[in-house]
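*Asks:* Listed here are the chains, written in short residue letters.
2 protein chains.
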Amino acid sequence: MTIGFASPQDAEDAFYDAIDEGAFDTLEALWDPSEEVFSLVPMGAASIGRNAVLTSWQPLFQGGSQIEIEVSHLLWIETEEIAIHLVEERVKLRGQPDQQPPVYATNVYRKRGDGWHLIVHQNSPTPPPPGMLPPQMRMP
Amino acid sequence: MTIGFASPQDAEDAFYDAIDEGAFDTLEALWDPSEEVFSLVPMGAASIGRNAVLTSWQPLFQGGSQIEIEVSHLLWIETEEIAIHLVEERVKLRGQPDQQPPVYATNVYRKRGDGWHLIVHQNSPTPPPPGMLPPQMRMP
Chain Y
1 MTIGFASPQD AEDAFYDAID EGAFDTLEAL WDPSEEVFSL VPMGAASIGR
51 NAVLTSWQPL FQGGSQIEIE VSHLLWIETE EIAIHLVEER VKLRGQPDQQ
101 PPVYATNVYR KRGDGWHLIV HQNSPTPPPP GMLPPQMRMP
Chain B
1 MTIGFASPQD AEDAFYDAID EGAFDTLEAL WDPSEEVFSL VPMGAASIGR
51 NAVLTSWQPL FQGGSQIEIE VSHLLWIETE EIAIHLVEER VKLRGQPDQQ
101 PPVYATNVYR KRGDGWHLIV HQNSPTPPPP GMLPPQMRMP
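Line by line, the protein sequences are chains Y and B. Numbering-wise, our numbering puts 47 at position 47 of the first sequence, and it's gapless, one number per residue. Numbering-wise, our numbering puts 37 at position 37 of the second sequence, and it's gapless, one number per residue.
I should point out that these hints are in silico values taken from the structure, not numbers from a laboratory. Backbone N, C-alpha and C fix where the C-beta goes; we use that ideal spot for every residue, glycine too. Fair warning: there could be bad hints in the mix.
[As the list claims (entries may be wrong)] Computed spacing ranges between beta-carbons, pair by pair:
| hint | chain 1 | residue 1 | chain 2 | residue 2 | range |
| --- | --- | --- | --- | --- | --- |
| 1 | Y | Pro128 | B | Glu88 | 33 to 43 Å |
| 2 | B | Thr126 | Y | Glu81 | 26 to 36 Å |
| 3 | Y | Ala52 | B | Glu70 | 18 to 28 Å |
| 4 | Y | Asp13 | B | Ala45 | 22 to 32 Å |
| 5 | B | His73 | Y | Gly63 | 34 to 44 Å |
| 6 | Y | Gly49 | B | Gln96 | 12 to 22 Å |
| 7 | Y | Glu35 | B | Ser34 | 24 to 34 Å |
| 8 | Y | Lys92 | B | Pro128 | 14 to 24 Å |
| 9 | Y | Glu78 | B | His73 | 38 to 48 Å |
| 10 | Y | Asn51 | B | Ser7 | 27 to 37 Å |
| 11 | Y | Arg94 | B | Ser65 | 40 to 50 Å |
| 12 | Y | Glu78 | B | Asp20 | 46 to 56 Å |
[Said to hold, decoys possible] What the simulated footprint calls covered on chain Y by chain B, stretch by stretch (three residues with Cβ under 8 Å from a Cβ of chain B suffice, anywhere in the stretch; the number is not a length):
| hint | stretch |
| --- | --- |
| 13 | 45 to 51 |
| 14 | 103 to 115 |
Take the sequences, apply the hints, and build the full model.
*Replies:* Shown next as structure tokens:
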């Protein structure tokens, strides 16, 4: 049921292609087979474990392809077994003008016997425009 | 200038203790010495590279201890060289009633010759209360 990819970047390309194409089976295949996975999408609660993660992504794939995501790479950190990619996503909802602010995403990949799998997807908002930020919210 | 810790958890404890105590020198010591680091705090832009990360944390430490953070662990993923901790943070600003919603944080640690260092800190908001969420914002 799962497919390992030859490199973290191949897994990442497959991830965003699956979203663009509404291909849930690819999403299922590329998420790591273990329970040591989590997903944090905008406005959502953390989904922890393989079933919770896949369940959280299902609505986006109902009715086929619904969004397109343009990705810019900001930083890669790679070890033998783990690759961490920080990217910026520009999400476009099909049939709607592009007006959502970009979001950050961290994607983490893990190397298994059959290749690289996705183990973490975490979105964070980009900062609001200057002047929109109350002083008490500036820090963690 | 940097100090490796005996375990990822020791590094995490030192990180939150440093924030509670306003100890910027500990923060400097525990962040990885390389440029392969990033920090994403609420409402902030991504800080990438050691100098940018440390600079982004400095204001919080000016004037000493300003916040307290209670941490609950949600998931640990650990390999030989990398540890990924997903936690929930409850941030309390000193002298203000506790009314900020909790935030998620992913902390990633990397093992070096001298021990474990922090390489990633990324916050994400927890979901808004039901009814506050416009439908077009439900998905990544």
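*Asks:* Does each hint hold? Answer for all of them.
*Replies:* Cross-check of the supplied hints:
{"no.": "1", "hint": "Y:Pro128 to B:Glu88: 33 to 43 Å", "verdict": "violated, 23 Å"}
{"no.": "2", "hint": "B:Thr126 to Y:Glu81: 26 to 36 Å", "verdict": "holds, 30 Å"}
{"no.": "3", "hint": "Y:Ala52 to B:Glu70: 18 to 28 Å", "verdict": "holds, 24 Å"}
{"no.": "4", "hint": "Y:Asp13 to B:Ala45: 22 to 32 Å", "verdict": "holds, 26 Å"}
{"no.": "5", "hint": "B:His73 to Y:Gly63: 34 to 44 Å", "verdict": "holds, 37 Å"}
{"no.": "6", "hint": "Y:Gly49 to B:Gln96: 12 to 22 Å", "verdict": "violated, 36 Å"}
{"no.": "7", "hint": "Y:Glu35 to B:Ser34: 24 to 34 Å", "verdict": "holds, 30 Å"}
{"no.": "8", "hint": "Y:Lys92 to B:Pro128: 14 to 24 Å", "verdict": "holds, 23 Å"}
{"no.": "9", "hint": "Y:Glu78 to B:His73: 38 to 48 Å", "verdict": "violated, 26 Å"}
{"no.": "10", "hint": "Y:Asn51 to B:Ser7: 27 to 37 Å", "verdict": "holds, 29 Å"}
{"no.": "11", "hint": "Y:Arg94 to B:Ser65: 40 to 50 Å", "verdict": "holds, 49 Å"}
{"no.": "12", "hint": "Y:Glu78 to B:Asp20: 46 to 56 Å", "verdict": "violated, 33 Å"}
{"no.": "13", "hint": "45 to 51", "verdict": "holds (count 3)"}
{"no.": "14", "hint": "103 to 115", "verdict": "holds (count 6)"}
This entry does not satisfy hints 1, 6, 9, 12, going by the numbered hints stated previously.
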